[in-house]
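**Q** Sequence:
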Amino acid sequence: MTDMATHKTDAPFTPDWVSPPGDTILDLLEERDWTQQQLADRLGYTPKHVNQLIKAKVPLTEDAAVRLQNVLGASVGFWLTREAQYRERLAIAEAAQQQAAMVPWLERFPIKDMMDVGVLTKRRVDAKSKPTMVGELLSFFGVAAPDQWQSEYGCMELAFRRSREDQADVAAISTWLRMGERTAEKMDGPAFNEAKFKTVLTEIKALTCQAPQTFEPRMRQLLHEAGVAFVVVPALPRTHVSGVARWLNAHRPLIQLSLYGKQNDRFWFSFFHEAAHILLHSKQKKSVFLDDPTKADASSKEEKEANAWARDFLISPEDAAQLETLPKTKIAVANFANDIGVHPGIVVGRMQHDQLLDQRWLNDLKVSFSFKA
Numbered sequence: 060m061t062d063m064a065t066h067k068t069d070a071p072f073t074p075d076w077v078s079p080p081g082d083t084i085l086d087l088l089e090e091r092d093w094t095q096q097q098l099a100d101r102l103g104y105t106p107k108h109v110n111q112l113i114k115a116k117v118p119l120t121e122d123a124a125v126r127l128q129n130v131l132g133a134s135v136g137f138w139l140t141r142e143a144q145y146r147e148r149l150a151i152a153e154a155a156q157q158q159a160a161m162v163p164w165l166e167r168f169p170i171k172d173m174m175d176v177g178v179l180t181k182r183r184v185d186a187k188s189k190p191t192m193v194g195e196l197l198s199f200f201g202v203a204a205p206d207q208w209q210s211e212y213g214c215m216e217l218a219f220r221r222s223r224e225d226q227a228d229v230a231a232i233s234t235w236l237r238m239g240e241r242t243a244e245k246m247d248g249p250a251f252n253e254a255k256f257k258t259v260l261t262e263i264k265a266l267t268c269q270a271p272q273t274f275e276p277r278m279r280q281l282l283h284e285a286g287v288a289f290v291v292v293p294a295l296p297r298t299h300v301s302g303v304a305r306w307l308n309a310h311r312p313l314i315q316l317s318l319y320g321k322q323n324d325r326f327w328f329s330f331f332h333e334a335a336h337i338l339l340h341s342k343q344k345k346s347v348f349l350d351d352p353t354k355a356d357a358s359s360k361e362e363k364e365a366n367a368w369a370r371d372f373l374i375s376p377e378d379a380a381q382l383e384t385l386p387k388t389k390i391a392v393a394n395f396a397n398d399i400g401v402h403p404g405i406v407v408g409r410m411q412h413d414q415l416l417d418q419r420w421l422n423d424l425k426v427s428f429s430f431k432a
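Each residue of the sequence shown is one higher than the one before, counting from 60 in the numbering used here.
No false leads were mixed into what you were given.
Distance ranges between label pairs, derived from CB positions: (1) THR120 to ARG182: 38 to 48 Å; (2) ALA143 to GLN96: 25 to 35 Å; (3) GLU262 to GLN209: 39 to 49 Å.
Hints were generated in silico from the structure; no laboratory data involved. For glycine and all other residues, C-beta sits at the position ideal for the given N, C-alpha and C.
Turn these sequences into a full structure, and let the hints steer you where they fit.
**A** See the structure below:
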């Protein structure tokens with residue numbers, strides 16, 4: 060039996076089954092010992108419509124809610140809430156079935172790695188949990204189904220400008236890119252200002268001598284004022300990406316760096332390399348420059364240009380000319396770095412890259428970064 064006194068519009072209805080409002084109607088008919096024909100006569104509906112209403116073959120409308128209130132009691136709000144909750148649970152059940160059919164799509168992604176960085180909830184990966192994981196992944200990417208992921212992210216591969224041949228795992232790379240997108244989406248800011256960007260880059264260069272806890276907030280502020288989103292995102296295995304430069308829209312560029320064990324010479328070169336893409340290749344707004352400039356044999360014209368710009372911005376050609384005769388001692392390198400206004404680790408990295416210094420020498424002048432993403 061249905062206790063009408065318990066039916067309040069503000070009481071949550073959360074059954075563990077999908078129950079239509081028609082079940083409540085049947086309970087009330089049983090209480091009154093009415094037939095569906097008698098209910099139809101009182102409601103002013105045909106018996107067929109009442110039967111369809113009970114079987115949830117037609118929705119319970121506002122008109123029906125008013126009539127049910129007058130004939131069976133309970134409020135209009137109760138009947139409409141009952142209908143809405145039923146449709147919600149029905150949609151959830153149907154979505155679960157659809158997501159179960161999408162489970163093979165999960166195989167494309169580094170699921171355990173995504174759990175480790177918080178993209179997906181940590182859980183046992185089994186047949187029971189996979190449909191839920193599909194739903195989480197769809198929400199993460201902001202798409203309705205794998206087909207939409209393919210059109211929005213899978214096809215993004217066509218826009219990739221790779222610096223390494225092994226940057227081929229589109230699912231892993233798109234996940235890492237989306238992590239940056241989601242962070243950048245929370246950042247309001249002005250439109251990109253190229254002149255301002257050039258100015259702040261000079262100030263950021265001076266920050267290379269500071270510790271991360273000092274330079275990072277100032278760096279973010281400066282870039283924000285220039286209309287550039289800057290995010291640091293944990294690295295994902297199989298991406299082989301140190302940084303990326305891309306345009307989120309026509310007025311908002313993004314510099315995204317990973318955190319895999321960077322020493323300061325690599326971090327700063329990566330940053331200025333991405334900055335170069337924004338300055339030099341702003342007409343290619345649909346391109347996604349995937350970079351690992353410290354390891355890549357940059358073959359593309361754009362990568363060579365970005366490498367050269369970052370190299371010369373950090374240490375000008377005039378100053379670099381002195382490196383060949385610079386004594387290979389800590390004091391000499393530190394003094395030279397102080398004179399040109401960059402961290403000594405950057406000078407060591409440049410000398411090692413130019414084969415003026417053995418890769419094993421003076422590495423204690425470099426600093427390993429470990430700051431929060």
